[in-house]
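Top to bottom, those sequences are chains A and B. Mapped onto numbering that gives the first Met the number 0, the consecutive letters of the first sequence carry residue numbers 0 to 397. Mapped onto numbering that gives the first Met the number 0, the consecutive letters of the second sequence carry residue numbers 0 to 397.
Worth flagging that the hints you see were computed from the coordinates, not collected in a lab. Predicted model only: the values in this text are computed from it and were never measured. Where hints are given, some of them may not hold.
One copy or two, it doesn't matter: identical chains are merged, so the pair holds either way.
Said to hold, decoys possible - Mimicking PhoX-like on lysine-lysine, the simulated pairs with C-alpha atoms at most 25 Å apart in a straight line are:
| no. | residue 1 | residue 2 |
| --- | --- | --- |
| 1 | 389 | 377 |
| 2 | 88 | 17 |
| 3 | 283 | 31 |
| 4 | 8 | 136 |
There are 2 protein chains.
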Amino acid sequence: MPQISERFKNIPVSSIRKLSPLVAPLKAQGIKIYHLNIGDPDVKTPEVMLEPLKNWQENPIRYAQAAGEPAFIQALLKYYHQLGFDFLKSNDILATIGGSEAMVMAFLAVAEVDDEILVFEPFYSNYNVGAAVSGVKLVSVTTSINNGFHLPPVGDIEAKITPRTKAILFSNPCNPTGTVYTKEEINVLVELAKKHNLFLISDEVYREYAFDNKVPVSLLSYISELPDRIIVLDSLSKRYSLCGARLGVLITLNESLMQGAIKIAQSRLSGGLIDQVIGAQLTKVSASYISAVQQEYQSRRDVLYNELVKIPGVTAYKPEGAFYVMVSLPIKDSDDFCFWFLTEFHPNNETVMLAPGSGFYTTAGMGKNEVRIAYVLKEQDLKRAVEIIKLGLEEYNK
Amino acid sequence: MPQISERFKNIPVSSIRKLSPLVAPLKAQGIKIYHLNIGDPDVKTPEVMLEPLKNWQENPIRYAQAAGEPAFIQALLKYYHQLGFDFLKSNDILATIGGSEAMVMAFLAVAEVDDEILVFEPFYSNYNVGAAVSGVKLVSVTTSINNGFHLPPVGDIEAKITPRTKAILFSNPCNPTGTVYTKEEINVLVELAKKHNLFLISDEVYREYAFDNKVPVSLLSYISELPDRIIVLDSLSKRYSLCGARLGVLITLNESLMQGAIKIAQSRLSGGLIDQVIGAQLTKVSASYISAVQQEYQSRRDVLYNELVKIPGVTAYKPEGAFYVMVSLPIKDSDDFCFWFLTEFHPNNETVMLAPGSGFYTTAGMGKNEVRIAYVLKEQDLKRAVEIIKLGLEEYNK
Numbered sequence: 000m001p002q003i004s005e006r007f008k009n010i011p012v013s014s015i016r017k018l019s020p021l022v023a024p025l026k027a028q029g030i031k032i033y034h035l036n037i038g039d040p041d042v043k044t045p046e047v048m049l050e051p052l053k054n055w056q057e058n059p060i061r062y063a064q065a066a067g068e069p070a071f072i073q074a075l076l077k078y079y080h081q082l083g084f085d086f087l088k089s090n091d092i093l094a095t096i097g098g099s100e101a102m103v104m105a106f107l108a109v110a111e112v113d114d115e116i117l118v119f120e121p122f123y124s125n126y127n128v129g130a131a132v133s134g135v136k137l138v139s140v141t142t143s144i145n146n147g148f149h150l151p152p153v154g155d156i157e158a159k160i161t162p163r164t165k166a167i168l169f170s171n172p173c174n175p176t177g178t179v180y181t182k183e184e185i186n187v188l189v190e191l192a193k194k195h196n197l198f199l200i201s202d203e204v205y206r207e208y209a210f211d212n213k214v215p216v217s218l219l220s221y222i223s224e225l226p227d228r229i230i231v232l233d234s235l236s237k238r239y240s241l242c243g244a245r246l247g248v249l250i251t252l253n254e255s256l257m258q259g260a261i262k263i264a265q266s267r268l269s270g271g272l273i274d275q276v277i278g279a280q281l282t283k284v285s286a287s288y289i290s291a292v293q294q295e296y297q298s299r300r301d302v303l304y305n306e307l308v309k310i311p312g313v314t315a316y317k318p319e320g321a322f323y324v325m326v327s328l329p330i331k332d333s334d335d336f337c338f339w340f341l342t343e344f345h346p347n348n349e350t351v352m353l354a355p356g357s358g359f360y361t362t363a364g365m366g367k368n369e370v371r372i373a374y375v376l377k378e379q380d381l382k383r384a385v386e387i388i389k390l391g392l393e394e395y396n397k
Numbered sequence: 000m001p002q003i004s005e006r007f008k009n010i011p012v013s014s015i016r017k018l019s020p021l022v023a024p025l026k027a028q029g030i031k032i033y034h035l036n037i038g039d040p041d042v043k044t045p046e047v048m049l050e051p052l053k054n055w056q057e058n059p060i061r062y063a064q065a066a067g068e069p070a071f072i073q074a075l076l077k078y079y080h081q082l083g084f085d086f087l088k089s090n091d092i093l094a095t096i097g098g099s100e101a102m103v104m105a106f107l108a109v110a111e112v113d114d115e116i117l118v119f120e121p122f123y124s125n126y127n128v129g130a131a132v133s134g135v136k137l138v139s140v141t142t143s144i145n146n147g148f149h150l151p152p153v154g155d156i157e158a159k160i161t162p163r164t165k166a167i168l169f170s171n172p173c174n175p176t177g178t179v180y181t182k183e184e185i186n187v188l189v190e191l192a193k194k195h196n197l198f199l200i201s202d203e204v205y206r207e208y209a210f211d212n213k214v215p216v217s218l219l220s221y222i223s224e225l226p227d228r229i230i231v232l233d234s235l236s237k238r239y240s241l242c243g244a245r246l247g248v249l250i251t252l253n254e255s256l257m258q259g260a261i262k263i264a265q266s267r268l269s270g271g272l273i274d275q276v277i278g279a280q281l282t283k284v285s286a287s288y289i290s291a292v293q294q295e296y297q298s299r300r301d302v303l304y305n306e307l308v309k310i311p312g313v314t315a316y317k318p319e320g321a322f323y324v325m326v327s328l329p330i331k332d333s334d335d336f337c338f339w340f341l342t343e344f345h346p347n348n349e350t351v352m353l354a355p356g357s358g359f360y361t362t363a364g365m366g367k368n369e370v371r372i373a374y375v376l377k378e379q380d381l382k383r384a385v386e387i388i389k390l391g392l393e394e395y396n397k
């Protein structure tokens, strides 16, 4: 019998999804699960974006243009211009099948097989699969809950740079930590990129979600300093609650990089036509939609944080953006703890699904006492979920 | 300035898409282009598949299940059961983002970097990009227009098998040749797979399109002989004119292979939710839809073939399936010829877009006098397109 490839066997399991097979049997038993494991918001998609469905006329469902439907690209361009990045032209923007495709394209573009990309752990665990698929090695610089997962001293970052390092990858606001990097921190990364001749890859899918009047610094504001070294990954999934419409974006002014990305886009022929028609509606979404969602997440953040820190032994910090928090719990093995909720602990036929912390680290042993919580549920549900976590900790630690 | 990776620079251009940048300027000049270069059918999508759009209620547009929405998977299962493959279970089927994603998954699954996959040239040119992205080497066994691109003697195939060969990949009915392999030919491949311990990857997206009462042999009919070595790639794009709904399928009974594919699927979180709701309607499409489309393509095939062979110096064979034909023209460089139509030859403000043959071969120099024609236009348009080709040959060869 032929063997599947080692690289395929070694693909890591998505930390966010690895408990998924337990869900259906639980639901069949009538057990309610509070999904804190994945950033699939319950916030409504703007109705104006769904209008094209009701009025759909086009038939057949033809291929979309490989690099993105012109109307979608123009809408994106308008959006970025309104953010102040008026240097962007339509050729600098590629519509991808979710941010995930943009990520894989970026990895392939900057690194040969076995080259290295620096990341700050804990980091979005699906970067691991993108790296495995593209044969790239992610090298982690560890950040700490003690300073809200902000960047460590520059020397700690520089110590991880080798001749094989090709890029620094970060998400800002950060998934899974909710950290919003300061301008000074981004400056440090920009200087490192200049000094060591690296690409910078900034995942900005949570751009709109920063709290307490913080404004995340887009890497696009550094374009004049690093015109050829900046890659921005973006997505409409979180911004407009469009997770199931696969609408990602790759932005770069590096023309040879864009040419390569377009060749990949052409080879898969097309992104979703209907999804892109929905995406093209983005300029019709009112500013009040975004500000209301921001406010909603900030309130949820406050509820979640306030409830969590009441639990004895729980350490958290107030996330500054996105809709996640990494929480330290008084346990030794969060993989086991998260599994236990789904398999054993169902008070009043309810339980919680959490993302085990270890999946967001590459350093062995890190994150074993941490979980990531996505606060994508209504406040009342969040409160109940935290109660279940509290009860669970009491029971689990008996 | 940091360099993009060599592997990214070396991604081949899709033969089908490489002339695309010339299209928009031509259209802006009011020139009509007959698109024979790409299999984007003008046949209508069944209305029953578009009904969910008009009645769309779900909000937010949540993530679809990573391995496929249950309703879509169940509909696929019913479809394959009706084809007679009633051994298939839902776990054997993964919904992918187009057939393209299934292809890349298959390449990663069977081969390490620099391992080899055998293909029969001319082959679907996007396999080249999938191979480049996954670091796999495609090794070509050349087939000939003289026998309608059927398989060469087994010795010619076996001569290309090395210790690094991990799989044989073929499409049946074949894109770009329209060849439908006989049962005897598939038997040969199955025996080779057994003898040399190889995977077989069968791309069956044109399954429904075989003419003159031919019935393509699905690799699934060999499942009892090779339960762990069969991978079938499929797609709804052509079957239901749903190219812009990214609905692909990976089928395998190899459990460890499926587990790896699911890990990749989880890492990109979701395919398109709306597309999959459309896809789930497939069991509601009447049998008469498919038979009418079959008949339509067969008639187009006849018109195209009959008109083409009237042109002096043109060699073609009658394609047995799919909706493509590779045509030999009395020219030396079809890349130049195809470019010339778009840039210089516009009789009555019309021209044709063809796919140059060389892109479907890996052997240097092959296909330079061939083009691929997709007969996805109405008969009248096909006739006019062939007239333009005839006029073009006269002018080009003056």
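Violated hints, by number in ascending order, as checked against the structure:
3
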